[in-house]
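**Q** Sequence:
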Amino acid sequence: MSQVLYDVTHTSHCHANTGIQRVTRRLLAEWRESVPVQPVVYDHLAATWRIPDAKEMALAKFSNIRKPGEKRGASWTWWQRTRGKLARMSLANVAEISGVQKGFITCELFGPKITAGVLETMKRRVEGPMVAVFHDMIALEKPEISPSKTVMFYEDYLERLLRFDIIAANSEYSRDVLVNYWKKKKVAQSPEVIAMPLGVDIPNSQIPGNHAHKAGDPDGNKPPLILCVGTLEGRKNHISLLSACEKLWEQGLQFRLRLIGMLNTETGTQAANEVQRLRNEGFPIEWNSGASDHDLAAAYGECKFTVYPSLIEGFGLPVLESIAHGRPCVCSGLTAMAEIARDGGCLAVGEPSAENLASGIARLLGDSPLYEKFFQEAATRKIRTWSDYATAICGLFEKREQGL
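According to the numbering used here, the sequence shown holds residues 1 to 404 in order.
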C-alpha cells in the first residue's frame, strides 16, 4: 500500500516543542492512528531521503520527554553524523524509501540543506501532490525583529516552495501575504494556495458534557494570575506587556504575571533583562522557560485570563489554546490574530502597544460583566481540533486523487 511521506527532518532532531515542532508532532500523532503515513528524514550527510531511526522517531513523537529543550536548533548525534558520512561513501546502510508513494507533506521551515534539487528527488518518489504547510512571512515583513539566520535564507525558502503542488497556509492572512509576494515577484506559475487554520488540543474540562471551570486560588489568598505563553523574542512584544503591567502595578492593581516560553537570545534578551529587573524590584512576575505540557495545562487552569502581546502572527496558536482552555485572551486585533478573535473569547486591542495592553488588562480585571462575557464566549466556542486539521490535510490528497 502506498503511503504519504511526512517530513520530520528538523523535528526529529529538535528537543524544543513549540511552534512548528508542535504542529509537526501533533499531526504525526493524529495520523498514526488512522492514516498510512511514513515519516521521512532528509539526511544531508548521506545525501538521501530515508526512514528515521529509533532515536529520531522518539523525538519526532516527543515520547518519554519529560521536559522540552530550550533551543530550536537541530542536534545530530555522533553516530547519526558518522553513519551518514559512511553511507555517502557506500560504507554503511540507511533505511531508504522504496517504491512510488502517494504524496509528500512537510510542515517544517526547511533550511538551505533541502535544496530545490533535493525536493525534485522527492517529487520523483511520489505519484500524488507535494504539500507544504506555510506558517508566515514574518522574516521578510519584520526583519528587524526576526532572527538574522531566518531572514537570510527566507527568500530562498519561498522560492523552493514553488516546487510544491499545494500550499496549506495556516490563516487567511498568511495565504494572502504569500500570494501577494509571488504576484510582486511576477511568478509565472505558482502552486495552489489555500487557507487551512491549525487546530489545538481540547482539555478535558472543555469536552462537550463537561463545563469549563473558572480560575481561582484554592486558598483565596493570592491575586489573580495573568498568563502569557510564547517564546521571549522581539516580535512577541513582551517589552510592551511588561511596561503595561508595571504601570498597572504602580497604580495599585493586584495581579500576578506568569510568562511561559523559552528565550530567543538574539531578539529576546532585552525582555529577559526587563523580567529580571521587575523581579528584583519585587513585582509579582514569574518566568518558566522550560515548561512541560503538564505545567502549561496547570497554568491555564490557574489563570484568570491570558495576554498574547505579539506584534505579528501567521496564526497565533497560544490565542486559540487559551480559548480552548476556557480562558479569555487579550491580544492584538491585527494580522492572523484577528481571525481567531472574531469568533469570540478575545478582547482585541488593535495595535498591542503598552497603553492598549494596559487598558485591556485593566478592563478584564475590573469589569466583572465584561469578563463574564468573554469567559462565556471562550467556554462555549466551538474549537477546531488537531483531529479536524489532520482530516482536512488528508482531504487534499483525496481531492487530487478524485481529480477535484
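Hints were generated in silico from the structure; no laboratory data involved. All C-beta atoms, glycine included, are put in the ideal place defined by N, C-alpha and C. Be aware that one or more of the hints could be misleading.
[Stated by the list, open to error] Okay, derived cross-link-like pairs now, DSS-like style, lysine-lysine, Cα gap no bigger than 25 Å in a straight line:
1. Lys85 with Lys142
2. Lys123 with Lys113
3. Lys142 with Lys185
4. Lys222 with Lys186
5. Lys123 with Lys102
6. Lys142 with Lys61
7. Lys185 with Lys113
8. Lys184 with Lys222
9. Lys399 with Lys102
10. Lys373 with Lys123
11. Lys55 with Lys142
12. Lys222 with Lys373
13. Lys85 with Lys55
14. Lys149 with Lys102
15. Lys185 with Lys149
16. Lys373 with Lys399
17. Lys102 with Lys142
18. Lys113 with Lys85
19. Lys183 with Lys222
[Said to hold, decoys possible] So the derived label-pair ranges between C-beta atoms look like this:
20. Arg32 with Asn280: 19 to 25 Å
21. Glu250 with Pro203: 33 to 39 Å
22. Lys382 with Arg124: 39 to 45 Å
23. Pro223 with Lys186: 52 to 58 Å
24. Asp388 with Leu91: 32 to 38 Å
25. Lys382 with Ser289: 41 to 47 Å
26. Pro203 with Trp78: 38 to 44 Å
27. Asn221 with Glu155: 41 to 47 Å
28. Ser2 with Asn280: 49 to 55 Å
29. Ser2 with Glu155: 42 to 48 Å
**Q** Are the hints correct? Go through all of them and say.
**A** Quick rundown of the hints versus the structure:
1. Lys85 with Lys142: Judged against 25 Å, a Cα distance of about 38 Å means the pair is violated.
2. Lys123 with Lys113: Holds, at roughly 16 Å.
3. Lys142 with Lys185: holds (19 Å)
4. Lys222 with Lys186: Status violated; Cα separation ~58 Å.
5. Lys123 with Lys102: holds (11 Å)
6. Lys142 with Lys61: Between Lys142 and Lys61 the Cα gap is close to 32 Å, so the pair fails against 25 Å, i.e. violated.
7. Lys185 with Lys113: Holds, at roughly 24 Å.
8. Lys184 with Lys222: Given pair Lys184, Lys222 is violated - Cα atoms ~54 Å apart, limit 25 Å.
9. Lys399 with Lys102: Measuring from Cα to Cα gives roughly 13 Å; hence the hint holds.
10. Lys373 with Lys123: violated (50 Å)
11. Lys55 with Lys142: violated (36 Å)
12. Lys222 with Lys373: holds (24 Å)
13. Lys85 with Lys55: holds (18 Å)
14. Lys149 with Lys102: violated (34 Å)
15. Lys185 with Lys149: Distance of about 22 Å is within 25 Å: holds.
16. Lys373 with Lys399: violated (40 Å)
17. Lys102 with Lys142: violated (37 Å)
18. Lys113 with Lys85: At roughly 15 Å apart (the allowed maximum being 25 Å), Lys85 and Lys113 satisfy the hint.
19. Lys183 with Lys222: violated (54 Å)
20. Arg32 with Asn280: 19 to 25 Å: The hinted range 19 to 25 Å is violated for Arg32 and Asn280, with Cβ atoms some 47 Å apart.
21. Glu250 with Pro203: 33 to 39 Å: holds (35 Å)
22. Lys382 with Arg124: 39 to 45 Å: Once the Cβ atoms are compared, 42 Å apart, the range 39 to 45 Å for Arg124 and Lys382 holds.
23. Pro223 with Lys186: 52 to 58 Å: holds (56 Å)
24. Asp388 with Leu91: 32 to 38 Å: Given range 32 to 38 Å: violated, Cβ gap about 46 Å.
25. Lys382 with Ser289: 41 to 47 Å: Violated, at about 33 Å.
26. Pro203 with Trp78: 38 to 44 Å: Distance hint for Pro203, Trp78 holds at roughly 40 Å.
27. Asn221 with Glu155: 41 to 47 Å: violated (54 Å)
28. Ser2 with Asn280: 49 to 55 Å: violated (60 Å)
29. Ser2 with Glu155: 42 to 48 Å: violated (34 Å)
In terms of the numbered hints stated before, the structure departs from hints 1, 4, 6, 8, 10, 11, 14, 16, 17, 19, 20, 24, 25, 27, 28, 29, listed from lowest to highest.
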